[in-house]
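Protein chains in written order, with our numbering: chain A, 5 to 521; chain B, 5 to 521.
Some hints could be false.
It does not matter which identical chain is used: a pair holds within one copy or between any two.
[As the list claims (entries may be wrong)] Computed list of lysine to aspartate or glutamate pairs in DMTMM-like fashion (alpha-carbon distance at most 20 Å, straight line):
| # | residue 1 | residue 2 |
| --- | --- | --- |
| 1 | 399 | 175 |
| 2 | 130 | 84 |
| 3 | 20 | 82 |
| 4 | 214 | 344 |
| 5 | 15 | 369 |
| 6 | 15 | 112 |
| 7 | 15 | 379 |
| 8 | 15 | 90 |
| 9 | 470 | 508 |
| 10 | 452 | 112 |
| 11 | 130 | 82 |
| 12 | 214 | 348 |
Treat the hints as calculated values from the structure; they're not laboratory data.
Protein chains: 2
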Amino acid sequence: MAKPKKQPRPKAITPKGFRDYFGQEVTQRTEMLRAIADVYHRYGFDALESSAVETVEALGKFLPDVDRPNEGVFAWQEVDENDKGDWMALRYDLTAPLARVYAQHRNDLPTPYRRYAMGPVWRNEKPGPGRYRQFYQCDADTVGTASMAADAEICAMLSDTLETVGIPRGDYLVRVNNRKVLNGVLEAMGLGEDATARDNVLRTIDKFDKVGEAGVRELLTKGRLDASGAFIDGVGLSEDQAEICIQFLTTKAMLANAVEFQQDVIKAGKAGTPNAINSAVTENLRRLVQNSAVGLEGVQELEQIAELLERQGYNTDRITLDPSVVRGLGYYTGPVYEAELTFEIFDEKGRKRQFGSVSGGGRYDDLVKRFTGQEVPATGVSIGVDRLLAALREKGRIAAQATGPVVVTVMDRDRMADYQAMVAELRNAGVRAEVYLGNPKNFGNQLKYADKRNSPIAVIEGGDEKANGIVQIKDLILGAKIAESATLEEWKERPSQFEVPRGDLVAKVREILDSQD
Amino acid sequence: MAKPKKQPRPKAITPKGFRDYFGQEVTQRTEMLRAIADVYHRYGFDALESSAVETVEALGKFLPDVDRPNEGVFAWQEVDENDKGDWMALRYDLTAPLARVYAQHRNDLPTPYRRYAMGPVWRNEKPGPGRYRQFYQCDADTVGTASMAADAEICAMLSDTLETVGIPRGDYLVRVNNRKVLNGVLEAMGLGEDATARDNVLRTIDKFDKVGEAGVRELLTKGRLDASGAFIDGVGLSEDQAEICIQFLTTKAMLANAVEFQQDVIKAGKAGTPNAINSAVTENLRRLVQNSAVGLEGVQELEQIAELLERQGYNTDRITLDPSVVRGLGYYTGPVYEAELTFEIFDEKGRKRQFGSVSGGGRYDDLVKRFTGQEVPATGVSIGVDRLLAALREKGRIAAQATGPVVVTVMDRDRMADYQAMVAELRNAGVRAEVYLGNPKNFGNQLKYADKRNSPIAVIEGGDEKANGIVQIKDLILGAKIAESATLEEWKERPSQFEVPRGDLVAKVREILDSQD
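With the hints as constraints, model all of the structure from the sequences given.
Structure below.
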């Protein structure tokens, strides 16, 4: 071992891709997680907090026979006598641990098992602007039932959750699709057996929002020139095959014009309910999957979900069928769902855009099977709380800056006990309050501190005040407003500093705080 | 690379030393953290959530020039082009990250900076019974002030916190000591310069609870035979030196007889306040540190803390000076404090014992200096929430088992929408409720499920009920009670199943839930 040398000072930085969260960033997230947990709990879901660390083997997807099984995850090898310990890793989501927990505890858990989980997950990926390697997930899953009622329930719960955290009806839409319908459409296109072509088609469908109907048609057939002039190879389908796919996708376009569509429906006397659009969608899908058994099964599942939701009063202004929802190429086997915020925001370049997806999920049937050999049907959703918080801040629905504590200043350092007694009184009355604990010599620094803390009120008791049994109470919010804009007249009329008897301290502070709301 | 072989099924287990938390274990902890955060917030502390992952360099204590810097922590090396990436590690406490955060953001943070943090930390240690490698910490620290008012404030906050989470006054005691007093006593013993002897004495003091006065006296001087017959070497002090140390320690014994002591004080007419014991302690300490400058400074600091607390109404029944508090040999430089629960519990072997410490902390002045070169005084406390939860469960102050949701059973699987509509009504009325989503064929399984969920109520609507516009509501709690102990008479008189019109579902469920409280 090298002999110890003088260490340079360590750098005070987070590792690349990690960050710290301060004050309100933390408390607003905590508050949101609490509100979401309340809804999940009311739906009968039970909390689960699995360990952050799992064996690489249990997490799956990462082969233990490669040298460093840490592709995508943060992993390390346990140290044992022979330096051959197990590989462990930080969880990369909350679903893989759920599968492990259910397999491990299935004899003690109820079946079906409804559980929710919230907490950080870690990804060993290249960080980018706004993309961190640690972030929060907030999941709810039902394990052990194939019933579409489980999927419908989660969609309803998602809708309730969004409204509970402050996204009003009309500002969001839960969209539901079914992988089986997609597969049925692919079968009808003659691609039932061709896995590569199917993946290519799914990937192309995912680009519909970007390149539009004509673009998708080109990409499905002979290829197209993209905006940069590069030629993108096509999937090589025939025009007839592509046509089925386009008709499938234009169900979405129809939805985009839902209002006009519904007016048409109503005019035609077809249906009076606002959910007519769901019937129109399933009708269209039934036609497109032709006689694909899996496709028809998917359409029936969507019909069941639509009926269950309608009966509970969740109409298509909240939850709607939408065939363009794909949700990646992952492990989903049936219904897939997604919640998007439908209002527009301005992006960093000042362009208007839709806020987009804040949550997604679906049905997956083989995660538990890895452990037990038995297929266990499951369905679940994940909410992106950080994106939701960003949306609420964007819309001004949660405060961008927190109000700080009342600051009791220190005029006489030998009377610290007097000042501490004041904050004790204030706190006992439920008021957030603190004594200035820095060097009290320079009073200006104390007011600068109160400013940095965003304090609403400063309390001052010097020797004269003490002798006369009074305190000075400074309304810092009003003071700032007056300083900004008031005329001399107003300044005189609306004093922002009050002299009250010491015994009235709490009452006066309360009065000012109330006036600031 | 080896060619892929068929993988055996992964084992569904957590890594050694890790565990999962279910249902109420999670929600009760969340609730406690929320209650604690409320108190911290009222005291002006701001939330901070630093990343779980830090550079090994920033965490400190672990040298980057050894091959595997993961002694005590979970650490791994970032993969870069040359396989020479930085070493990263999971945080092992919340104080080291605070030092890094303060050094990194000091220009943006207020000074003094009061912050609280709560979350898991990880230790790469041998797990044992009840000892896990991931556990929660819940800290509050004030950085950037040397004022004893900061220490007193944290002790007061600790007292408030314990009462807020459900430990009543009298069931806990916050005990305060000062490292400078210890150092002063060691100086008075003539050990001011001898670091090894000092450490040995401190370690011996820590054993006072176990071996008593006579044992400590032997250990400080010539050594002693322990219970197993092995000879433990002594520190080698003279009898005179040991005597100073014993007198220091017996200040604690005096405290143990506090009631008698206070009666003596009052009889002697010395003082009428319940805090006379604090004055007696500092008097004794002042005598023991003789003319050690650092010792006298420590005594003065204790006097300041005691006065500040007394003025805020925190008497010695809540917070008291106690010279036997050592708090390990770590980085503390001034006041140290500890909260212990004073009631007795029965341990796993059925023996009575004190519950003991649930929180500790103190002043440390050189953690930030590692990064910036400047000394930044700081003081803070850490609460062991899991031990606190265990104490509350032990005393029956929080429920050992949670009440489950109302379960709406499925008598007719084609009418799932009806049942979902029922739970939607119940949830909208704020009642936790769910539909049975397993295979409904066997009704007995549905009731077994409700039992496993600890459900208070089951709702039943078969074909007949539907036709007659009624529902059956089964009080499962009362039902269980009756089944356990009722006579036939009582059984008849107190039916546990009710038939009500469908429209009265919510009202009747409410009524039964209220009767169960």
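How the hints compare with the structure:
1. Proximity of residue 399 to residue 175 under the C-alpha cut-off of 20 Å is restricted to the intra-copy arrangement: shortest distance 11 Å within a copy versus 48 Å between copies.
2. Taking the shortest alpha-carbon separations for residue 130 and residue 84, only the inter-copy value of 11 Å comes in at or below 20 Å, while the best intra-copy value is 31 Å.
3. In the homo-oligomer, the alpha carbons of residue 20 and residue 82 lie at most 20 Å apart only across protomers (10 Å), although the nearest pairing inside one protomer, at 24 Å, exceeds that limit.
4. Only within a single protomer do residue 214 and residue 344 lie at most 20 Å apart by alpha-carbon distance; the minimum there is 17 Å, versus 63 Å between protomers.
5. In the homo-oligomer, the alpha carbons of residue 15 and residue 369 lie at most 20 Å apart only across protomers (19 Å), although the nearest pairing inside one protomer, at 47 Å, exceeds that limit.
6. Proximity of residue 15 and residue 112 under a CA criterion of 20 Å is satisfied inter-copy only: 17 Å between copies versus 48 Å inside one chain copy.
7. Proximity of residue 15 and residue 379 under a CA criterion of 20 Å is satisfied inter-copy only: 16 Å between copies versus 50 Å inside one chain copy.
8. Proximity of residue 15 to residue 90 under the C-alpha cut-off of 20 Å is restricted to the inter-copy arrangement: shortest distance 12 Å between copies versus 32 Å within a copy.
9. For the identical chains of this complex, residue 470 and residue 508 are intra-copy neighbours only, at 14 Å inside a copy versus 65 Å across copies, given an alpha-carbon limit of 20 Å.
10. For the homomeric pair residue 452 and residue 112, the shortest alpha-carbon distance between copies (13 Å) is at most 20 Å, but the shortest distance inside one copy (58 Å) is not.
11. For the homomeric pair residue 130 and residue 82, the shortest alpha-carbon distance between copies (11 Å) is at most 20 Å, but the shortest distance inside one copy (25 Å) is not.
12. Proximity of residue 214 to residue 348 under the C-alpha cut-off of 20 Å is restricted to the intra-copy arrangement: shortest distance 17 Å within a copy versus 68 Å between copies.
Of the numbered hints given earlier, the model fails none.
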